[in-house]
Amino acid sequence: MTISAPRDRVEELTVGGGARLEELVDRESLAQLAASFADLSGVGVRVFDAEGKLLADAALAVELMSYLMTLRQAKSAVESTVSSVKNLDPGPVGQASMDGVSGGRYRVVALEHDGRRVGRLVFGPYFPPSLRDIPSTLIELEPNLDLDRARGLLTLAPRVTDDAMDRMAKHARATLDVVMFSGLRALLTGSMHLAAVRESYRELQSKQEKLQVAYDRLKELDRLKSNFLATVSHELRTPLTSIIGYSEMLLEGIAGEIVGEQREFVTTIREKGEQLLGLIKGLLDLSKLESGTMSLRKATMEVAPLVRDVAQTMAPHAKKKGISLHVALEPALPALWADAERLRQVLLNLVENAIKFTPASGSVTISARAAAMAAAGGGGEDGGLVLLGAQRAAVQFRVADTGIGIPESERQRVFDAFYQVDSSSTREQGGTGLGLSIVKRLVEGHEGTVHVEANAPQGTVFVVTIPLKRATLRP
Amino acid sequence: MQLDFVNRELTIKLVYYGPALSGKTTNLQALHRVAAPGSSGRLMTLETKDDRTLFFDLLPLSFRAQSGLAVRLKVFTVPGQVIHASTRRLVLQGADGVAFIADSRVSETQANTDSFMDLKDNLREHGLSLRQMPLVIQFNKRDLPNIRSDEEIAKLGAQGREPVYLAIAMRGAGVVESFIGLLHLTWSALDAEHDLGRKFGFDSTEFMNGVAQKLGEKRTTPELLAACVGGALDVLRPEAAP
Ligand SMILES: Nc1nc2c(ncn2[C@@H]2O[C@H](COP(=O)(O)OP(=O)(O)OP(=O)(O)O)[C@@H](O)[C@H]2O)c(=O)[nH]1
Ligand SMILES: Nc1ncnc2c1ncn2[C@@H]1O[C@H](COP(=O)(O)OP(=O)(O)OP(=O)(O)O)[C@@H](O)[C@H]1O
Ligand SMILES: [Mg+2]
Ligand SMILES: [Mg+2]
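Residue numbers (my numbering), protein chains in the order written: chain Y, 1 to 475; chain L, 476 to 717.
For the record, the hints were derived by calculation from the structure and aren't laboratory data.
You may find that some hints are simply not true.
[Stated by the list, open to error] Here are the simulated lysine to any residue pairs, SDA-like style, with alpha carbons at most 25 Å apart:
1. Y:207 to L:515
2. Y:170 to L:558
3. L:524 to Y:371
4. L:595 to Y:8
5. Y:272 to Y:295
6. L:524 to Y:433
7. Y:53 to L:513
8. Y:170 to L:524
9. L:689 to Y:114
10. Y:356 to Y:256
11. Y:298 to Y:371
12. Y:53 to L:524
[To be verified] Reference excerpt, derived from the structure (chain Y facing chain L, CB under 10 Å, subset only):
13. 132
14. 136
15. 139
16. 200
Note that the structure is predicted; figures quoted are calculated from it, not measured.
Where is the CB? At the ideal position from N, CA and C, for every residue including glycine.
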């Protein structure tokens with residue numbers, strides 16, 4: 001019978017055909033058991049499995065038998081007895097005896113396990129005390145028999161009564177029964193361990209598959225969402241541009257003078273319209289970035305003018321809030337290979353945030369310096385740097401403020417779309433929570449990194465690192 | 476069920492299921508105690524920790540019917556603790572009948588329900604339905620205080636389809652009754668499906684009475700079966716018919 005999975009194995013051992021003797025009892029131990037039994041009883045013992053294979057042989061040298069084996073006729077008679085005994089069926093009672101030509105007796109006992117025959121024990125030869133002399137059959141059979149010598153050897157042969165043999169056989173059987181029981185238990189335990197591990201593995205795998213399916217679905221949904229966003233925001237922009245345009249025209253008095261509250265209302269319409277347009281642009285950017293359809297127009301660009309331009313753009317805004325805006329540039333910054341317009345957008349977003357989340361009389365500093373980053377893109381902090389690639393030259397931008405700061409636990413999440421740190425001050429500031437998610441994607445589009453640090457003694461620093469073009473790898 | 480035509484041998488698998496500590500192992504121990512030595516093998520307890528079953532217990536019983544058919548019953552318990560879910564499923568595989576051992580205490584009601592749902596799920600995993608499975612329910616630990624009342628169980632039992640037994644497994648009370656009920660249902664289902672009675676010239680009544688006797692019972696099978704409250708013992712499950 002072939003045995004495949006451990007689960008089937010358990011079934012096979014319990015409700016199926018059961019175990020074979022050889023599986024239940026270690027052969028080495030069986031040999032030792034048989035030897036010690038032979039030692040104790042003075043009678044040889046051999047163990048066969050159900051198919052007649054010899055598993056243990058603790059035959060004892062009986063001098064009479066050895067002598068007979070030197071004679072021609074006797075030898076073949078002894079051999080024939082031994083082979084018949086080997087094949088003797090213990091019958092339904094489970095016990096049988098056979099006498100040999102020497103007068104030696106063999107006892108065959110069935111070994112049962114779980115109600116089934118799994119093997120046989122063969123004891124002998126032993127000589128019943130009732131045997132007084134060499135049997136006449138042997139004398140007739142073997143012309144060369146030295147009767148005196150044979151008689152002398154018979155007195156040395158093991159003498160055991162059938163009763164005693166009964167008890168010994170019973171004892172041997174009981175001992176083996178315990179051994180087989182323990183063997184089966186060990187076998188089952190092992191198989192169950194295996195089966196349980198397999199079953200858990202199977203279970204995990206099927207869960208994993210379900211998760212994968214769910215994940216694929218989510219990804220598909222995400223893609224659909226991006227497409228949807230792109231389409232919808234595009235469609236929204238067109239009428240909105242008209243709304244803004246017309247309200248501007250109204251404000252300019254093209255359709256006649258507007259006064260007082262009218263001007264105030266139209267101004268509000270235009271402001272809100274622009275706010276809405278900003279949001280839609282942001283969404284559009286984000287969905288383009290997410291779907292990977294935003295193309296970056298990279299070119300060689302200088303860092304210093306970019307930073308100064310951003311500062312200039314934001315200066316009025318900072319001034320209005322009573323915040324001082326500084327620029328700190330390292331001399332001789334290397335040129336970047338980047339999309340200048342997008343990098344500008346990154347810095348504008350960060351500076352806008354810095355001003356927004358810094359109270360009056362605070363300060364905001366934009367700085368840039370030459371730096372290096374792991375070529376693999378930010379790996380190596382946990383070791384294995386040597387494997388994760390050489391250092392790559394980069395430019396690092398830092399936007400530092402003295403504002404309300406971002407708690408450690410929120411520093412990852414602020415880059416999620418629509419995520420805003422839940423504080424009342426954020427709520428007051430408005431905004432949609434798209435700025436940083438766009439920043440992150442733009443920076444990643446440049447193979448760069450962005451992260452948040454705390455500013456001492458208070459405030460936030462956003463650190464953006466943009467690598468130089470690959471060709472400028474340091475040696 | 477395994478059928479060996481050559482040796483005229485039939486092997487049936489019975490599984491004792493239920494929540495942790497409800498007394499599944501105790502049921503087997505009680506059966507082992509009362510079974511005649513020639514009919515019962517050793518009770519094998521596979522891996523325990525603090526007396527909690529980790530893999531399973533196995534009690535092999537064997538009976539020979541007058542027709543010469545050898546019937547081998549392999550009675551298993553599952554580990555009741557929730558964490559051993561996959562082991563329970565493994566042990567349940569190939570079961571011909573299930574005894575659900577519930578803990579009678581009111582506090583254990585939820586655990587009983589959860590375990591029963593778990594049984595249902597695991598049967599389904601094996602492509603079986605609860606309706607097809609010969610099943611008896613035992614409310615064990617009737618000796619404890621704060622248990623669900625006899626009246627309540629009798630009332631619910633009368634409405635359900637499974638025979639329900641009351642037991643104090645620790646003292647052996649109700650154990651043989653539950654077992655005979657389970658064997659009766661299982662045998663009827665197998666007989667209906669495989670026509671065993673005719674194939675083997677097998678007399679079910681004679682066989683069941685023989686089993687009861689070997690379990691030290693003076694009562695006859697009908698008397699033992701009558702110990703159940705509610706449920707249907709004589710009605711063959713329609714799904715089990717060929
Ligand atoms: N009072 C009382 N206690 C019982 C009865 N039957 C079992 N117990 C006790 O309940 C506890 C758990 O019994 P077990 O038979 O080991 O429970 P189990 O269902 O095999 O538990 P797991 O192997 O963990 O699934 C033991 O301490 C038993 O002595 C009963 O009828 N009455
Ligand atoms: N410099 C900063 N100091 C303190 N908190 C900040 C700072 N920059 C960002 N945050 C926090 O991160 C959140 C997300 O910023 P993000 O720029 O993505 O959104 P926003 O500024 O709220 O809205 P939007 O930029 O879309 O108008 C902010 O709402 C704020 O809670
Ligand atoms: Mg922002
Ligand atoms: Mg148990």
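Tested hints:
1. Y:207 to L:515: Outside the cut-off at roughly 42 Å; violated.
2. Y:170 to L:558: Violated. Residue 170 of chain Y to residue 558 of chain L sits at ~44 Å, over the 25 Å cutoff.
3. L:524 to Y:371: 60 Å, violated
4. L:595 to Y:8: This hinted pair holds, its Cα atoms lying about 22 Å apart.
5. Y:272 to Y:295: 30 Å, violated
6. L:524 to Y:433: 55 Å, violated
7. Y:53 to L:513: 29 Å, violated
8. Y:170 to L:524: 34 Å, violated
9. L:689 to Y:114: This hinted pair holds, its Cα atoms lying about 17 Å apart.
10. Y:356 to Y:256: 37 Å, violated
11. Y:298 to Y:371: Holds, because 20 Å separates the two Cα atoms, which is no more than 25 Å.
12. Y:53 to L:524: 39 Å, violated
13. 132: Hint on residue 132 of chain Y: violated, closest Cβ of chain L at ~40 Å, above 10 Å.
14. 136: 44 Å, violated
15. 139: 46 Å, violated
16. 200: OK, holds: residue 200 of chain Y within 10 Å of chain L, min 5 Å.
Of the numbered hints stated above, those contradicted by the structure are hints 1, 2, 3, 5, 6, 7, 8, 10, 12, 13, 14 and 15, listed in ascending order.
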